[in-house]
Structure formats: structure tokens, C-alpha cells
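Student: Chain by chain, the residues run as shown.
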Amino acid sequence: MTKSRHLLPLLTGAAIAVLSAPAFADGYTIGVSNTVQGNGWREEMICAIKAQALASGKVDSLNIAHRNTDAAGQLEDLRNLIAAGVDAIVVNPSDPAGIGAALKEATDAGIVVVAVDQAVNEPTAYIVSNNQEEYAYLGAKWLFEQLGGKGDVVYMRGAAGASADSDRDKGFKRALAEYPGITVAHEVFTGWQQDQGKQQILDYIATGAPIDGIWTSGIDNVIVDALVESGGDLVPVVGADNAGFVGQLGSVEGLKGAAVTNPGSIGGAGVTLALQILDGQKPSAQTVLVQPELWENVTDDGKAKLKAAADPSLDPEWPVSIMIPDWTTYTKDQIIACKGPGE
Amino acid sequence: MTGFVKRNAWVIGLFALFAALVVLTRTIQPDYGAAGFGSLVQAVLPFAFAVAAQTVVVIAGGIDLSIASMMALTSVTAAVLMDGQTESFAILVVPMVLLLGVLLGAINGALIVISRVPDIVVTLAMLFVWQGTALLVLETPGGAAAEWLKSLLVGTVAIPGVPTAITDWIPRALVVLLVCLAVVFVPLYRSRLGLSIYAIGSNNLAAFRSGVSVGWTRIAAYAIGGLFAAMGGLVLTLSTGIGAPIPGPYLLASVAAVVLGGVALTGGTGGIVGPIVAVFILRLVRSDLTFLAVDPNVTTIVEGAIMVVVVMLGALLALRRRAT
Numbered sequence: 001m002t003k004s005r006h007l008l009p010l011l012t013g014a015a016i017a018v019l020s021a022p023a024f025a026d027g028y029t030i031g032v033s034n035t036v037q038g039n040g041w042r043e044e045m046i047c048a049i050k051a052q053a054l055a056s057g058k059v060d061s062l063n064i065a066h067r068n069t070d071a072a073g074q075l076e077d078l079r080n081l082i083a084a085g086v087d088a089i090v091v092n093p094s095d096p097a098g099i100g101a102a103l104k105e106a107t108d109a110g111i112v113v114v115a116v117d118q119a120v121n122e123p124t125a126y127i128v129s130n131n132q133e134e135y136a137y138l139g140a141k142w143l144f145e146q147l148g149g150k151g152d153v154v155y156m157r158g159a160a161g162a163s164a165d166s167d168r169d170k171g172f173k174r175a176l177a178e179y180p181g182i183t184v185a186h187e188v189f190t191g192w193q194q195d196q197g198k199q200q201i202l203d204y205i206a207t208g209a210p211i212d213g214i215w216t217s218g219i220d221n222v223i224v225d226a227l228v229e230s231g232g233d234l235v236p237v238v239g240a241d242n243a244g245f246v247g248q249l250g251s252v253e254g255l256k257g258a259a260v261t262n263p264g265s266i267g268g269a270g271v272t273l274a275l276q277i278l279d280g281q282k283p284s285a286q287t288v289l290v291q292p293e294l295w296e297n298v299t300d301d302g303k304a305k306l307k308a309a310a311d312p313s314l315d316p317e318w319p320v321s322i323m324i325p326d327w328t329t330y331t332k333d334q335i336i337a338c339k340g341p342g343e
Numbered sequence: 344m345t346g347f348v349k350r351n352a353w354v355i356g357l358f359a360l361f362a363a364l365v366v367l368t369r370t371i372q373p374d375y376g377a378a379g380f381g382s383l384v385q386a387v388l389p390f391a392f393a394v395a396a397q398t399v400v401v402i403a404g405g406i407d408l409s410i411a412s413m414m415a416l417t418s419v420t421a422a423v424l425m426d427g428q429t430e431s432f433a434i435l436v437v438p439m440v441l442l443l444g445v446l447l448g449a450i451n452g453a454l455i456v457i458s459r460v461p462d463i464v465v466t467l468a469m470l471f472v473w474q475g476t477a478l479l480v481l482e483t484p485g486g487a488a489a490e491w492l493k494s495l496l497v498g499t500v501a502i503p504g505v506p507t508a509i510t511d512w513i514p515r516a517l518v519v520l521l522v523c524l525a526v527v528f529v530p531l532y533r534s535r536l537g538l539s540i541y542a543i544g545s546n547n548l549a550a551f552r553s554g555v556s557v558g559w560t561r562i563a564a565y566a567i568g569g570l571f572a573a574m575g576g577l578v579l580t581l582s583t584g585i586g587a588p589i590p591g592p593y594l595l596a597s598v599a600a601v602v603l604g605g606v607a608l609t610g611g612t613g614g615i616v617g618p619i620v621a622v623f624i625l626r627l628v629r630s631d632l633t634f635l636a637v638d639p640n641v642t643t644i645v646e647g648a649i650m651v652v653v654v655m656l657g658a659l660l661a662l663r664r665r666a667t
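In order, the protein sequence lines correspond to chains E and G. At position 250 of the first sequence the residue is numbered 250 (the working numbering), and the sequence of numbers has no breaks. Just remember that the working numbering sits 343 ahead of the position in the second sequence, which is counted from 1.
Just chain E, same shape as in the assembly (with noise of 0.2 Å):
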């Protein structure tokens, strides 16, 4: 008796947890993979998923894999959305090759794979990617230009291994190569972690070690609040346009540096193109390049940019292009308000 005491409770929550899955109408269902959790970028990636799915009217319900883990994970992640039924995938990949196997078996259940962010080699997936060799490109020749073509350089890399990392690499040594004075004193991978690049960058400030110049894969107002705590002289900081940073760009007495863009909300292009090909408009490339801009706080046309850019009203590790032309349809208070179909 007391056993079937316990039970019933248990019993009665699993049938409750039954019957209030979402029902399946005609609209989509779109699987969602990421594998950084409490990245300020990775966040905004997923509420602009959310609020294109909302705002396109077409998707009745996301689902969303969202934690920390590495490629074995997400491979675990998408083969779970792949038996989850959904319609399509938007995956944000850990690794361009490492998680092959399991696209290709989501396309060849007929769910139509789109990467955002990052590149994946399996050929049957579309991608729909901010220019990241460009990104770099932009900001390191900014930068080196600055410098008037000569001086020690921090370099903060991304994360290890992403694909990300490695297109910046190669813009960022495009502009390297133009500019044969620069030297790169100091290289280190933050993991865009706020936390760890700012403890490198302290670590790398204690050596007492001469910077002209400081080149950041998008962890950047950690950076210039360690240069403004550490006392020493502001050196030019690139950063990407998260809102703390362009707002220290307009703040930050003495401090010159430039923003380049680098929108989170290429989560709710992904769902965009991925609606578009589920409607039987296929791109006419496997591959779609978002084009970086660079605003600085130098000349006046920049600085008036970046007070056009500047959101105060965003978290500061939001990027401020919450939208991108063409992509996007969703209202600034969808996005912030993170919101998915039946939410």
C-alpha cells in the first residue's frame, strides 16, 4: 500500500509531462544544436532563432540543444534531434569535421541541415556564416594601420580547433603579411571566455612587456576594463561590436579602437534559409557569406556609427546588430525578449 502511496504522484507527473508535449500541427519543427552555454554571443544567437521562428509564423515549435560539450556530444545532440522527427537543423558545429557523421545522417532523413556561425565540411549542408577571415582582415589592417605599420601586437585568439578561429586566423595573417613592421609579441587562445582573457591579459600586463596594440577575437570590453584597472597607458584595442565594448568605444576617455560586426542574429538568418529551402527555394550556393563592417572612434564618420549603433539597453556581451537586413523580420522586443513559438 505504501508503495502504490509513491507511485501514484510519479505516475500522475510522467502522464501530465505526456500529454503537454507540443502537438504537431502543419508547421515546422526546427531542431536546434549549439555546444556553448552563457556565451554572450551564443546567447543572442539563439534568442534571434527563436524570434525568426516566432516572427516567420511558419514553425510550430523549436527544439533546442543548447549546453557546453564537445563534438561526441553534439553528436549525441543531433542524432537525438534527428530521431525527435524535426523538420530541420540549425547547428551552430563545435568542429567542422567532427560532427560529419551525424549531418549526414539528418539529410539523408530528408532534414534539411543549415550550419550558422561556423563552416562544416559535410557537403550536403547549407551554411549561412558571418566572413570570418574578413572580419579579422578588417580589424588587424585597422589596427596595424594605427600603429603607423610598426609595433608589438597582442593577439587573443578564439577558441581552439573552431572553424571560426581558424578562417580569423588567416585574415588576421593576410594583414600581418601587409605589414612587415608588426610583430606579434604575445598569441593566446581565450576560449571566448570573458573570465580567461581577462586573466590573460593581466597575466601578459604583469611582464611589464611593451604593447602598442591589442587584437581581440571578440572578448574585448574584459579587456580594456583590465587595461583601465591596471593604470598603464590605453593602447588601441579591435574588438567586435558587442555592446559593452562599442559603448566604451564612445565612453572611455582616451581610449581609440574599432568594432567590427559580427552579428549573433545570424541564428535567425539560419532559420530564414532554412524555412526557405523547406518551401523549396534552395540558395543558388551551399555556402552564404554575411559581410563584416568596421566602425571606429577615430575619424567622425566612425564615431557617428558607433552613436548610431550604440544599445545601452542590450546586455554588454550582446553584439548590437541584433538584426541583419534581408534575414531578419523580427522586432527589437522579440529578439530581447527571447521568445520561441509556443513560449
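Think of the hints as simulated: they come from the structure by calculation, not from any bench. The beta carbon of each residue, even a glycine, is placed where N, CA and C say it ideally should be. Hints should not be assumed to be uniformly reliable.
What the hints assert, rightly or not - Between beta-carbon pairs, the in silico distance windows are:
hint: 1; chain 1: E; residue 1: 329; chain 2: G; residue 2: 355; range: 53 to 61 Å
hint: 2; chain 1: E; residue 1: 109; chain 2: G; residue 2: 661; range: 42 to 50 Å
hint: 3; chain 1: G; residue 1: 374; chain 2: E; residue 2: 178; range: 36 to 44 Å
Following the hints, complete the assembly by docking chain G onto the known chain E.
Tutor: This is chain G only, laid out in the frame that chain E set:
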């Protein structure tokens, strides 16, 4: 019969829980079938080897915090050795990597025995040592794996004369897992070493006074743990086709499955079947949460809550049984 049930009550309970979860999964996702089971086993593989490694060490009264790092190191070593080599060269790579795992584990064990520093401190330090070594071997994810080895984990087993309706439910990955576990555990259970591992985990001093060589047994337990970590590293390389130097989420998962599997962290009790079933349960819960499209930020809370509830329920049942 009743004796068997009583002795294995926890494991039988886990099987029942797994069966209930399968039923629940079918309710949520009516077309969940052989393909889903195959994916489940593939997801289980690296976790299963991590938990096998942890189980041996915990039964011997220790704990190995460097398991995920050893998996990363053996994984990148395998990926680098197979990169640009012929398919047949991989036959040599597998034993070399397994031997490397044994060596890494034995180093962990030897350091603990010689230095007399607690297991948790030594293996925490070795976590960083092996992780750094993995980055030395391969700075960024890369390398390759032989195709025939990769295919060992994909698809199902074909048995002549048996209808595919049955063999569809026997993924190759499951056969690989069971064979690898059996090859080590069956002889171990029957050997003097196996008994000694339980003995030192249960009571170090009593084991010593009964003539067990405590130091060597501890080193052997860690070496076997290293062997399983190497198997885990190999399946990581085979499933992704690359080696990644940054350790995955296998350490905490291995401890969680050991506890859920009925192995006491104080050592000396438990077996391998419970922890392996526990891994299946934890992975299937993850699948169910994906099928239900639960808010991703809630899923980790659910996973943790299930662990606490199951372990507490088990402790409660054990208390009641003792009272009657």
C-alpha cells in the same frame, strides 16, 4: 533465487527504471525504435568507458579525477598516429594507445602509493598534467581515424539466419562495448587481483594483514582505469574522426554514473553492471528531454534532480529493509 535478487536489488531496480524510461520514451516519441536505440548506444560509448574506468578505481577505495584528461590524451594520440597512415597501420595504433592508457593509469597509481598523498589531490594534479600533454600532442582538434575502425561503431550486426528485425536492435557499438567490458571484467572478477581490489577498497588494513599487496593492487586498479580511459579516448576518435585535446564532460558524468550505479564512493562494494545501466539511463533522459523540447537551461537541473532523487530513494529503501 531470492538471494540473487536481494544481492542485486539495486541493479535490478536500475534495469526496471531503464525499462520504464524506454516505455516513457515510446509514449513521447511513438516512432522511437531501433535507430534511436543505435544512436543511444553511440552516445553511451565514451561515457560507458569513462564510468568503467572510474568504477574500478572507486571499488579499490580511490577516485580518479584525471579520467577525462586521459581520454583526451589517448584520443589525440590515436588521431595523430592514424593521420596520413594506411588503413592497416591502425591495427598497431589500437594496442599502442591501450598500452599508453595502462601506463598513464599506472603512473597515477604509483604516484599515490609512493607519495602517500591522497588520491583526490594526486589525480587532480594529473588532470592538468595529462591535459597539458594532450595539447602538446595536438594543439587544435585534428588528426584522423582509419575508416574500418570508424565503421566498427556504426550500423548493426548482421548474423546469418537471424532476421533483420532482431539484428536491427543489435548495434555494433553495443557489441564493441560488451566485448571490451567482458574481456577485462570477466577474468578480473574471477582472479585474485579482483578480490584484492575489493579488499583494499573495503578495508586497507585488513587487506594488508590478510597478505594482500596493497600498493601493487592500487597501482593495478589505476592501470585498469587507464586502460578503460584509453578505450574511451579511442571511441571518441572513432566516432568523431578527429582528436580533441580539450577534455569533454566525462569526469563528472563518470562519478555521477558510479554513484547512481550503486558503487559506494567509500569503496569495496558494487559492480560494473549497475554503473553501465546508469549511463544508459542518464543518456536516455537526455534524449527524452530533447524530444520533449524542454528549455535547455532546465535540462541540466532535471538531470541533477533525477540523480539526487534516485540515490535518496535507494538510501531510503535500504534503511527500511534494515529496519524490518
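Student: For each hint, tell me whether it holds in the structure or not.
Tutor: So, going through the hints one by one against the coordinates:
{"no.": "1", "hint": "E/329 / G/355: 53 to 61 Å", "result": "holds, 55 Å"}
{"no.": "2", "hint": "E/109 / G/661: 42 to 50 Å", "result": "holds, 45 Å"}
{"no.": "3", "hint": "G/374 / E/178: 36 to 44 Å", "result": "violated, 56 Å"}
The structure does not agree with numbered hint 3 stated previously, though it agrees with all others.
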